[in-house]
Amino acid sequence: MIWLWGALAFWAAAWFVNARIAASPVRDTKGARIVVPVLFGITLLVLWEGLVRAFAVSPVILPAPSAVAQTFAASTTILWEDFRQTVIKGAMSGFAIGASAAFVTAILIDRSSFLTRGLLPIGNFVAALPIVGIAPIMVNWFGFDWQSKSAVVVVMVFFPILVNTVQGLREAEAMQRDLMRTYGASYLQTLVKLRLPAAMPFIFNGLKIATTLALIGAIVAEYFGSPTRGMGFRISTGVGSLSIDLVWAEIAVAALAGTVFYGIVAWIEKRVTFWHPSQRR
Amino acid sequence: MKDKGDPVIVAKGLNLTFETGDGPVHALRDVNLTIAKGDFVSFIGPSGCGKTTFLRVAAGLEAPTGGTVTVNGMTPDEARRKRAYGYVFQAAGLYPWRTIAGNVKLPLEIMGYDRAEQDARVKKVLELVDLQGFEKKFPWQLSGGMQQRASIARALAFDAEILLMDEPFGALDEIVRDHLNEQLLALWARTGKTIGFVTHSIPEAVYLSTKIVVMSPRPGRITDVIDSPLPKDRPLDIRDTPDFLAVAHRVREGLRAGHAYD
Amino acid sequence: MRNLVPVLAVLGAILALWYAAVAPMNIRGALDQAERSGAVVVPEGSAVRARTGTWALVFGNTEHLGLAYALDRPRLPTPGQVAHELWKTTGEMALNGRAMSKRSLLYHGWITLQSTFWGFLLGTTLGILGAVAIVYSRVVDMSLMPWAIISQTIPIVALAPMIIVLSSQMGIEGRGVPKAIISAYLCYFPVLVGMVKGLRSPSASQLDLLQTYSASGAQAFFKLRLPASVPYLFTSLKIGVAAALVGTIVGELPTGAISGLGARILIGDQFGTPLAIWAALVAAAVLAGALVTLLDLAQRVTLRRMGMQG
Chain A
70 MIWLWGALAF WAAAWFVNAR IAASPVRDTK GARIVVPVLF GITLLVLWEG LVRAFAVSPV
130 ILPAPSAVAQ TFAASTTILW EDFRQTVIKG AMSGFAIGAS AAFVTAILID RSSFLTRGLL
190 PIGNFVAALP IVGIAPIMVN WFGFDWQSKS AVVVVMVFFP ILVNTVQGLR EAEAMQRDLM
250 RTYGASYLQT LVKLRLPAAM PFIFNGLKIA TTLALIGAIV AEYFGSPTRG MGFRISTGVG
310 SLSIDLVWAE IAVAALAGTV FYGIVAWIEK RVTFWHPSQR R
Chain B
28 MKDKGDPVIV AKGLNLTFET GDGPVHALRD VNLTIAKGDF VSFIGPSGCG KTTFLRVAAG
88 LEAPTGGTVT VNGMTPDEAR RKRAYGYVFQ AAGLYPWRTI AGNVKLPLEI MGYDRAEQDA
148 RVKKVLELVD LQGFEKKFPW QLSGGMQQRA SIARALAFDA EILLMDEPFG ALDEIVRDHL
208 NEQLLALWAR TGKTIGFVTH SIPEAVYLST KIVVMSPRPG RITDVIDSPL PKDRPLDIRD
268 TPDFLAVAHR VREGLRAGHA YD
Chain C
-12 MRNLVPVLAV LGAILALWYA AVAPMNIRGA LDQAERSGAV VVPEGSAVRA RTGTWALVFG
48 NTEHLGLAYA LDRPRLPTPG QVAHELWKTT GEMALNGRAM SKRSLLYHGW ITLQSTFWGF
108 LLGTTLGILG AVAIVYSRVV DMSLMPWAII SQTIPIVALA PMIIVLSSQM GIEGRGVPKA
168 IISAYLCYFP VLVGMVKGLR SPSASQLDLL QTYSASGAQA FFKLRLPASV PYLFTSLKIG
228 VAAALVGTIV GELPTGAISG LGARILIGDQ FGTPLAIWAA LVAAAVLAGA LVTLLDLAQR
288 VTLRRMGMQG
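Residue numbers (the numbering used here), protein chains in the order written: chain A, 70 to 350; chain B, 28 to 289; chain C, -12 to 297.
For the record, the hints were derived by calculation from the structure and aren't laboratory data.
Quick reminder that beta carbons are idealized off the backbone N, C-alpha and C, glycines included.
Among these hints, one or two may not hold up.
[Said to hold, decoys possible] One side only, chain C facing chain A, incomplete, derived with CB under 7 Å:
#1 -9
#2 -7
#3 -4
#4 -3
#5 -1
#6 40
#7 129
#8 133
#9 144
#10 268
#11 272
[Claimed, not checked] Here are the in silico distance ranges between beta carbons for each label pair:
#12 C:292 / B:213: 21 to 29 Å
#13 A:298 / B:141: 52 to 60 Å
#14 C:187 / A:256: 52 to 60 Å
#15 C:-1 / A:298: 42 to 50 Å
#16 B:138 / C:200: 56 to 64 Å
#17 C:214 / A:177: 53 to 61 Å
#18 C:190 / B:273: 22 to 30 Å
#19 A:96 / C:194: 18 to 26 Å
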């Protein structure tokens, strides 16, 4: 029971500290903005560890975070191989292809108001669909290796980025377009100097949505067949063979990969759209 | 004193009708006007009288449905391609992702000036509008008045012969506006540009202009054209002189005669 | 309605492209089948054809192209085939009184809809409660909000098999609960974000006004913050319900599922019946469309009653 009380005591103490920080004048500093959520996250881990130990939960059902960490450290080779297969080969390649295709398509259809009005509602609708379901079809078309995962990702990220880019390109105000006309600016000059920069917040919004979708697509597609490596493969076989701590280690990798990928895109966004009201300091 | 130069903008029998869901709207009907080189012409009238529309037609942003307008003997489209216009809107419309210097540089980049020339011109016009030292600031770090001055600098940067200003100070408070009016007059005196200026304010129109065009709505048309008898050198307190008040009175009469407030 | 003609035109173009793509996609299967039934195809032999370009096969065997549009197990079915399969597994079965048979998509759609509903309900409740806590407590705001964002960057599908195993180990029968959890996980976030925005949307002067009446916190909540958040709520509910459906289907995909549209996709894959996969996909799309439309209608009616939208 010591574990349970210890965990609960830690929870209470952490909450108290956070409450004090949130009520104190330092709450708007960068440090406080990092410390408070981190402390909260650690609390969750401690609670998890405490509950698992206190009630002696079978590791087949739910391993403690410490056990997961041990497995993680012991199987970095496997984890790295799976990471390369799923994230770098499957998700990243699909993300790059899908994002570029969506971007080019958006710029092409933007020139025609007819096409824009036709494609925008359809794109919006398709972006809300459970596109992951096409995974088995893509595995059938492109084989078991990463190409089929990439294909699923391409389709999944295409529509959110397309819709956001098209909307972003319409963002430039009529007045600013008129200004470009009084300068006698060409279509290309208006696009590069006005409309693309104005569209950037929207484009990044689409890219951020797409980062998560890319990982989801790559992992699900592996449930439908893959070579004997990959995070989705390891998770589905690990669940079957009851090596649950390895599954949790893979989940940790997936979570980390997702967060870092999102973080990188958000970091670039901050650099590119520093001028947007939502990014200003 | 009047500055009667060659005609720059000549409108003859200008008509513009917009087709809307509620039937046609006569934005301009039978407008005849000649603006001479070096004139400072104000357009005044209530909303919907066509003053902004006239400016847009003169700049080739809107095509008339009847009549002609020529700019230096060319069509507005040709004149635009010759970079005849500097246009200033009510909102400064600076690009938030460019610095003040970058914004002023924008038209110069589009028109293909070389780097050294761009930098020299940016420096010159920022001095003209009294913004030296703010080159590296972003627009959203400046006050509304400073943003509007930067947008004027942007319009001046490429030596457009004609400056078209659509209520440039409409969103600013009275004190800032007075200050900018003074600066604008000084700038006009130094550069000798032809200026078309849209405003809602009678004192502003009278204080700035050599010629005041009074317009009225439904249909948009000119009801009076007043040549100002005020001297070219105008301190702010000229607004208390009888001459000034007389012109202001005539403008007000013109607005009333056009049933502006029905 | 202004967009109706362009949308129809684009849809028509997509269908045309789809039909055009069927021939090259299915030509190899069609030629194999034709050869087996004794027809003459160029070149002969499946192995030889594997080395021949697709377009050479298409234009060298124009008389067999019809077959590419009528295969039993096509790589790419025609829209007509998909529509026919969809009708066979929904309307036709319903007419025969077998609407709830295990082979009927109506049955599987119903299973998916139930999980989606519970997930949506759970996610929406959590999202709204979380938003209220975030708006009213700075500690919660500072500690929870970053994790809410991070939770959405974690690919939930990695967790899905785990959640299913966990709930069955804990003695929860069937897939209903884990599916609802996954769908709630995807659905709560847009609701949370939208509600935080909505609850914070009243201006400082509106809040000050209530303070001059010395209104209580609860009064300020029910008379100002809550009504002000309604438009935001509906917008995020529409995103949330689509996300909940995605979550349910993701929960139905890992091995072992037997009912639900996701399971139909899985089973179609295992038994090599692509038409079943395509029909289930279309059914999922129809379901998503119906759910979003339903909420859109609710939004219009509610906002009109509240006088927020004409």
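Open item on the list: Hints numbered earlier in the text: which of these fail when held up against the supplied structure?
Closed with: 1, 5, 6, 12, 14, 17 and 18
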